[in-house]
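Let's have the full structure, built from the sequences with the hints guiding it.
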Amino acid sequence: MNDLRLTLELYRIAIRAERQYRLNFLLMCVLGVVYQCSGIAFVWVMLRTFDTIAGWTFGEVAFLYALRLLAHAAWAVPFHQLEFMDGTIREGRFDRYLVRPLNPFLQVITTRFQMNVIGDVLAAVVMFVLAVNLVSIDFSPVHILYLIFAVIGGALAEGAAKVCVSSLSFRFVQTWAASRLADSIYLMFGSYPTSIFGPAMTWALTWVVPVAVVAYLPAGVLLGRTGDLHVPGAVAIAAPLVGLCWFLVAYRWWRNQVRGYQSVGA
Amino acid sequence: MPPVIRAEGLTKHFRRPRRFDGPLGTLRTMVTRQYEETRAVDGVDFTVSAGELVAYLGPNGAGKSTTIKMMTGVLVPTGGLLEVNGTVPWRDRERNAMHIGVVFGQRSQLWWDLPLIDSLAMLGKLYRLPHATYRRNLDRLVELLDVTPFLHQPVRQLSLGQRMRGDLAAAMLHEPRILYLDEPTIGLDAVAKVRMRDFVAEMNRDNGTTVVLTTHDLVDVETLCDRVVVIDSGRVLYDGKLADLKARYAPHRILVAQLAAEPVPAGTRAGTLRSSGIPGEVISEENGVLRVRFEAARVSAQEIIAAVNEQCPLADLTIVEPDLEDVVRTLYGDRGAA
Amino acid sequence: MPVGAATRQDGPWRNVPAYAQIIRSRMKTALTYRQNAVFTLGIVIVQIFILSRVWTALYGDAGTVNGIPLSEMLLYLTLANLQGWAVQDATVCSYLWERIREGRIAFDLLRPAGFIPQVIAQLVGSALMMTTFAVVALPVVAIIGTLGAPASPAAFGLWLVSLLCGIGVAVMLNLMICLSAFWTTEINGTMMLFSLISQFFAGVFVPLSYFPGLLRTVAEHLPFQATTYTPVAIYVGHLEGADAIRAIGVQLVWIAVLALVARLVWSRAQHRVVVQGG
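Protein chains in written order, with the numbering used here: chain A, 1 to 266; chain B, 1001 to 1338; chain C, 2001 to 2278.
Careful: at least some of the hints might be erroneous.
Each pair of labels, with its calculated beta carbon distance range [as the list claims (entries may be wrong)]:
id, chain 1, residue 1, chain 2, residue 2, range
1, C, T2032, B, D1146, 30 to 38 Å
2, C, I2143, B, D1045, 58 to 66 Å
3, A, Q174, C, A2149, 37 to 45 Å
4, A, N2, C, T2132, 54 to 62 Å
5, B, H1152, A, R12, 13 to 21 Å
6, A, R16, B, E1008, 57 to 65 Å
Listed next, the stretches of chain C that the computed footprint assigns to chain A, with coverage defined by at least 3 CB atoms under 8 Å from CB atoms of chain A [claimed, not checked]:
id, region
7, 2048-2056
8, 2127-2137
9, 2203-2215
No wet-lab data here; the hints were simulated from the structure. Since the model is a prediction, treat every value here as computed from it, not as a measurement. Even glycine gets a Cβ: it sits at the ideal position worked out from N, Cα and C.
The structure is reproduced here in structure tokens:
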């Protein structure tokens, strides 16, 4: 597809532009790693005193956390610029995107390539390698395939929320707070077994804001814990599809909202 | 030939939530759903034919930018009909984009941290230009705009004039049928402005590119356009030839004359002229310089010179033509009164 | 009036009205941007909720762990998170960083009032407004988290003192971050990182008593515990009597140490400003 080729080309020049700011790159990488690993530091301190949380051992929680990090990184690498779209609109650059013969969504995500997402990837990979050594997972080809789908589905589930929040920027000027809230919800709620939040919240975090589908359900499947999940095993296996559906809905919504774009200046 | 741009009853309303002030303001703003409606464009009709060079004039907030943004597909109209090149801009945005070039005066479309040539190469790909076409157009534009000296410099290191030339090249690279220029000469020095005008005129002449220009610089209009559309408060105030605009709104010429030295008190000669029924109005007499305003359509220069000279001998004189600025002042001034 | 007589030259308190004005206008600005505060408060409330749930799940059936009953733990978490939110700076550092980038910092440097005291005044104003917001938000916090009475009347009194000192330490730490603006190209990342580290080592997620061996030693030697952990620990009764007083003493020491470091850093930063030129 021509659009795909153009997008890759745009990414390439965005990365080239970024190479000039090397010290920043390092700082941002470190930031990414520390930020993502902070959650697990907390869990580690906790589980030195307590052996399990809601029946999950530290190794299993670590695995859940790592899965979440992988999904987050899979989303962030291509799509992180979506969060900064309010700045792009404020600076008047979005008008230019509408005047070019390419899907504005693709132009938004290739505006820049901030290097701290590399930090996110590093944190995810390291975390995953460590966690896998703490649990016993049978890495058959089927399981590996499922892992890949789970990561992609999880990325799309988190992405759906990010896309929705981003579309607010077409109508409202100050949206960074909503963006940070969405980010925090996925980071905080998504790093623990969802069951600890009570049945009502668990339901909401599965069907309303798809946090549980990012890591909790797929981790449950891969760890062989489908028995104590709040949904039947088959639904848990299909969790990545929930992410995909939500993303498609959110994307359609975003494209639709561009019509309400009011532009800046006179 | 069908018009290249056609607008009928074009309307754009903005609804903004009414903001409340005061201590509970934020809460009230969020709870009550009252809206303020601004009519930025209120029923505008016009057509532009292929190859025309049209200027949009209007005070700030008149709706010029909004109209351009609707034509380029950035904003969706609230009502009315708008067709550009046979397509509805906001509905077939990407198709519309292939045939237009846009220069936003204040914001460059070039990639900031990369050499100019890289931006142009990327745009060549974005507009799906076959390599041969890209090379041909690039070479031609580079030569016309004299961009070679800084072609390989990062855009952030360029001066405003150089950047503007880069933006012009970027806009014309894909041979668009319509070129939109939104305040293109803002901030440019005199030489750069002339260069820009020459280039636009040449594109219009040689390529037949239709040009739509919004500007506050009236010299842009005088040198480039012969058709002017004046917009205010979302409505078209005037649409026609520049010469006719001047004739209608600034129909006066001014005789500026150096009076021959005479030992009379200042002002007496002006008084004499005023009571003598010359076909013109005395504006002032200061330091021996007399200014008389007369209607260009009714009175010829020769008549007024003769009439004045008869009463007061003149040592030297010049005739001042109506300025577009006078026109604009009159037009905008009417708005203030209304 | 003779030239120069318009400005008061008297005494060591001559710049105090200026600082008072800065505090007032920063509070006003913070009030205008209260929507932002509401949102970040929303995030803190979510955090309180999550931590409460996590700890409740961890406790499971046990009523008391390590000598601390669940209710006391939840009170600790609620208070620590709320205090942690109130002392962090959301606006002053980025405001300063923008002014440095644009060169408008020159105006602040030209004033007769010292630059560091000006920044401190900004941070104090911000902290006062945030504390006010926190007080206003108490009802909501009480519903989502757990609020309760202090361990004793003495604890309450000491808590107030310690809270003030804690705000003082936090202001000095934020001052450091503000000064870093003279060196970095990107302030948001620094602020996020700082917020995370300071929250962690201030015991906002986990009380310091849970930190294992080496980590505990490190945490006790960092200034972060002096911002939030000390006051909250006093309130719930983890620190009492002589221990509490000693802890308050440590807070005061940290304020003094950080003030000295700020002085040093500022002398370097000033050099940097001159070098960057007009």
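Against the structure shown, which of the earlier numbered hints fail to hold, in ascending order? 1, 6, 8
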